[in-house]
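Chain L is already provided as a structure; the job is to place chain B on it using the hints.
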Amino acid sequence: MSLLSDLINLNLSDTTEKIIAEYIWIGGSGMDLRSKARTLSGPVDDPQKLPKWNYDGSSTGQAPGEDSEVILYPQAIFKDPFRRGNNILVMCDAYTPAGEPIPTNKRCSAAKIFSHPDIVAEVPWYGIEQEYTLLQKEVKWPIGWPVGGYPGPQGPYYCGIGADKAFGRDIVDSHYKACLYAGINISGINGEVMPGQWEFQVGPAVGISAGDELWVARYILERITEIAGVVLSFDPKPIQGDWNGAGAHTNYSTKSMRNDGGYEVIKKAIEKLGLKHKEHIAAYGEGNERRLTGRHETADINTFLWGVANRGASIRVGRDTEKAGKGYFEDRRPASNMDPYVVTSMIAETTILWKP
Amino acid sequence: MSLLSDLVNLDISDTEKVIAEYIWIGGSGMDLRSKAKTFSEPVTDPHELPKWNYDGSSTGQAPGEDSEVILYPQAIFKDPFRRGNNVLVMCDTYTPAGEPIPTNKRFDAAKIFSHPDVAAAAPWYGIEQEYTLLQKEVKWPIGWPVGGYPGPQGPYYCGIGADKAFGRDIVDAHYKACIYAGIDICGINGEVMPGQWEFQVGPSVGISAADELWVARYILERITEIAGVVVSFDPKPIQGDWNGAGAHTNYSTKSMREDGGYEVIKKAIEKLGKRHKEHIAAYGEGNERRLTGRHETADINTFLWGVANRGASIRVGRDTEKAGKGYFEDRRPASNMDPYVVTSMIAETTILLKP
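Chains as they are written, first to last, in full-length UniProt numbering: chain L, 1 to 356; chain B, 1 to 355.
Don't take each hint at face value.
Under the rule of at most 20 Å between Cα atoms (straight-line distance), these lysine to aspartate or glutamate pairs were calculated in the DMTMM-like manner [stated by the list, open to error]:
#	chain 1	residue 1	chain 2	residue 2
1	B	Lys136	B	Glu225
2	L	Lys137	B	Asp169
3	B	Lys322	L	Glu69
4	B	Lys111	B	Glu99
5	L	Lys52	B	Glu321
6	B	Lys322	L	Glu100
7	B	Lys266	L	Asp67
8	B	Lys266	L	Glu66
9	L	Lys52	B	Asp319
10	B	Lys139	B	Asp31
11	B	Lys325	L	Glu69
12	B	Lys267	B	Glu348
13	L	Lys18	B	Asp184
14	B	Lys322	L	Asp67
15	B	Lys78	L	Asp6
16	B	Lys78	L	Asp14
17	B	Lys322	L	Glu66
18	B	Lys78	L	Glu17
19	L	Lys79	B	Asp169
20	L	Lys49	B	Asp319
If the Cβ cut is set under 8 Å, some of the chain B residues that face chain L in the computed set are [unchecked claim]:
#	residue
21	Tyr157
22	Cys158
23	Gly161
24	Asp163
25	Lys176
26	Gly187
27	Val192
28	Ala308
29	Arg310
Coverage of chain B stretches by chain L, computed from C-beta distances (three or more under 8 Å per stretch; other residues unrestricted) [claimed, not checked]:
#	region
30	2-15
31	167-174
32	222-233
Hints are computed from structural coordinates only; laboratory data are not their basis. If you're wondering where the values come from, they're calculated on a predicted model, not measured in any experiment. Don't be surprised by glycine CBs; every beta carbon is placed ideally from N, CA and C.
Bound conformation, chain L alone:
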């Protein structure tokens, strides 16, 4: 196949100024990523300079056939790790021809929240820990697991190495470098407690960019699993029984939390989150009730509990933060299939804007 890869890896910069831009958007289920590419006459680094585009919304459950055009507004640019050169990935959100965000567009309201002066002043930082499971393509069972059976119980797999403990590291490592190449703030990776499950972290990212970067990191991950012939799952509880679920713990801080006296600000913020526990849970991902059971390092879905260094809590504050009297905290409730636009903006809104 090396003749095919010669062509895929052609460096067009030698022969033309043209570049390829891959426009990415979120489809009708709220979790399905879609993309298509177009040729531009030269390099672009400002999303506001990119043309709007459109797609067939009737094929993604986002528009009827007789009025099918959905408009794509470019919002963020990243380098394309697959095509390289001057080629780019463009994260977009979706609007009607009249300029209204379509119902599945969660970025629009998040952007409004993040541009509120009180929130801008607090400079909200996010670090999102995205967990995910890799499944075999022919049968919906994790890679490395025997078909029709189970691997040995959890214990050896968390951050483990070896062919009997770590399944799919080539995907994880290529994703790590690809994201760094793309300009995403990927801050780390680790093998998770359930075999075939992994985690990467994006952040610290400010405001709306946390959501943009996480979505593009998810896109790059699914493109890589496509190449590897493996299926990606963001299901929060892929395997029933004594196996961990998958979350998207969201670490958060504001300017006041990061400054002296921040610990008091953190405690007040956590109190507000506790008062709105039900509303947050409803927006923290479908199927989360299968994951938040009180076991497997989670707090029960109906309980709001916080604690220092407590992984069985809804919200965990790190020992460093307690000791320094300032820092950040970790909301452990969001599921792996949460929408980061919704979760990040909701945390900001509840802790900064909302008066109980």
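Chain B only, in chain L's frame:
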């Protein structure tokens, strides 16, 4: 295989010799053929290239006892397979006496495009070529289980992931190869049926739209050859609740692109409506299996146009409606249409013919 690719990728620029791959369309009207010859120096102008000939009795285009068919070079592109100074040459076909052979559709198209009224109208085309990738051993789309079906349509349009996108390496290699070759390829996307893809060529003026589309098809089939996969331009490769494959042809003239263009567009669509049967007859074999009124098509016997309506014969984009000028999309042509025929017919009907 690295020794083989070392040789395939040898850089022969030091020899000053150039390889030219002459391409033509064979006897079925859809089968592409090519053969190569060596030249002593680089070439950039197709009219400086010598005519050539081939054995027409082996392609259903000439009898055995008088088998020579003459190749006239018409367009040059860089060769993405041999790279260096090597070229691809799109040709059309003539008898030794200089007459276009019956399967040569470029000849009449060129006549239409050189008519002063058509040339003055500067007709632009953007062609959306859909195609299906099939497994080599069995005529079934790649990624589909043999003897079964994938999950229903929904997740595949512009989809990503090993369970939704089959054959992206072919599509991406084709995209860069065409840009390298100098073809005006303006985009690609995964289609509604899994294993089906689309690329778009344009905007191109007049006859070059079809030259570029044929060479893009040639490059695509050469790439699927490398990948061990079969490319199909059948307009309805799988019966049942699965989309067909088309070659939607976007079109505009100078007056359509200028202020007041929307009225010119409406008049042009009216003329096309009056010749619906004639166009349909020339828009590709087997199209009746595809134009059913379902799966984002209009029924083959119906002529319907609308703004943003993907169930119409002709669709006008919202941008064009809003700006009062622009272009429109003829959604009727099948994936196996001949772009020389379709592009010139649209120009002829809308510019030359008086209703």
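Now for the hints, and whether the structure bears them out:
For the suggested pair B/Lys136 and B/Glu225, the alpha carbons sit about 10 Å apart, so the restraint of at most 20 Å is met. For the hint linking L/Lys137 to B/Asp169, the alpha-carbon distance of about 18 Å falls within 20 Å, and the restraint holds. Of the pairs offered as hints, the one joining B/Lys322 and L/Glu69 holds, with about 13 Å between alpha carbons and a cut-off of 20 Å not exceeded. Between B/Lys111 and B/Glu99 the CA atoms are separated by roughly 14 Å; this keeps the pair inside 20 Å, and the hint holds.
Between L/Lys52 and B/Glu321, the direct Cα distance comes to roughly 16 Å. Compliance with the 20 Å bound is thereby established for this hinted pair. Between the alpha carbons of B/Lys322 and L/Glu100 the distance comes to roughly 16 Å, so the proposed pair stays at or under 20 Å and holds. A C-alpha spacing of about 19 Å is found between B/Lys266 and L/Asp67, which places the hinted pair at or below 20 Å, so the restraint holds. For the hint pairing B/Lys266 with L/Glu66, the CA-to-CA distance comes to about 19 Å; that is within 20 Å, so the pair holds.
Restraint check: the Cα-Cα separation between L/Lys52 and B/Asp319 comes to about 11 Å, which is no more than 20 Å; the hinted pair holds. With a C-alpha separation of about 18 Å, the suggested pairing of B/Lys139 with B/Asp31 holds against the 20 Å cut-off. Of the pairs offered as hints, the one joining B/Lys325 and L/Glu69 holds, with about 18 Å between alpha carbons and a cut-off of 20 Å not exceeded. Among the hinted pairs, B/Lys267 with B/Glu348 is consistent with the structure: their alpha-carbon atoms are about 14 Å apart, no more than 20 Å.
As the CA atoms of L/Lys18 and B/Asp184 are separated by approximately 10 Å, the hinted pair is consistent with the 20 Å bound. The hinted pair formed by B/Lys322 and L/Asp67 meets the criterion: a straight-line CA distance of about 14 Å does not exceed 20 Å. For a cut-off of 20 Å, the pair hint linking B/Lys78 to L/Asp6 stands: about 15 Å separates their Cα positions. Of the pairs offered as hints, the one joining B/Lys78 and L/Asp14 holds, with about 13 Å between alpha carbons and a cut-off of 20 Å not exceeded.
Proposed proximity of B/Lys322 and L/Glu66 is supported: the alpha carbons are some 17 Å apart, at most 20 Å. Taken as a hint, the B/Lys78 and L/Glu17 pair is honoured in the structure, with Cα atoms around 16 Å apart against an allowance of 20 Å. Between L/Lys79 and B/Asp169 the CA atoms are separated by roughly 19 Å; this keeps the pair inside 20 Å, and the hint holds. At most 20 Å may separate the alpha-carbon atoms for a hinted pair to count; L/Lys49 and B/Asp319 meet this at roughly 18 Å.
Taking 8 Å as the C-beta cut-off, the interface hint given for B/Tyr157 holds, the closest approach to chain L being about 4 Å. A cut of 8 Å between beta carbons decides the hint on B/Cys158: the least distance to chain L is about 4 Å, and the hint holds. Taking 8 Å as the C-beta cut-off, the interface hint given for B/Gly161 holds, the closest approach to chain L being about 5 Å. Hint status for B/Asp163: holds, given a least beta-carbon distance of 5 Å to chain L, under 8 Å.
Taking 8 Å as the C-beta cut-off, the interface hint given for B/Lys176 holds, the closest approach to chain L being about 4 Å. Taking 8 Å as the C-beta cut-off, the interface hint given for B/Gly187 holds, the closest approach to chain L being about 4 Å. The criterion of a C-beta within 8 Å of any C-beta in chain L is met by B/Val192, whose closest approach is roughly 5 Å, and the hint holds. For the restraint placing B/Ala308 at the interface with chain L, the shortest Cβ-Cβ distance is roughly 5 Å, inside the 8 Å limit, so the hint holds.
A cut of 8 Å between beta carbons decides the hint on B/Arg310: the least distance to chain L is about 5 Å, and the hint holds. For the region 2-15 of chain B, the stated coverage by chain L is satisfied: 4 residues place a CB nearer than 8 Å to a CB of that chain, which reaches the threshold of 3. With 6 residues bearing a CB less than 8 Å from a CB of chain L, the region 167-174 of chain B meets the requirement of three and the coverage assertion stands. Interface restraint, the region 222-233 of chain B with chain L: holds (3 residues with C-beta to C-beta distance below 8 Å; minimum three).
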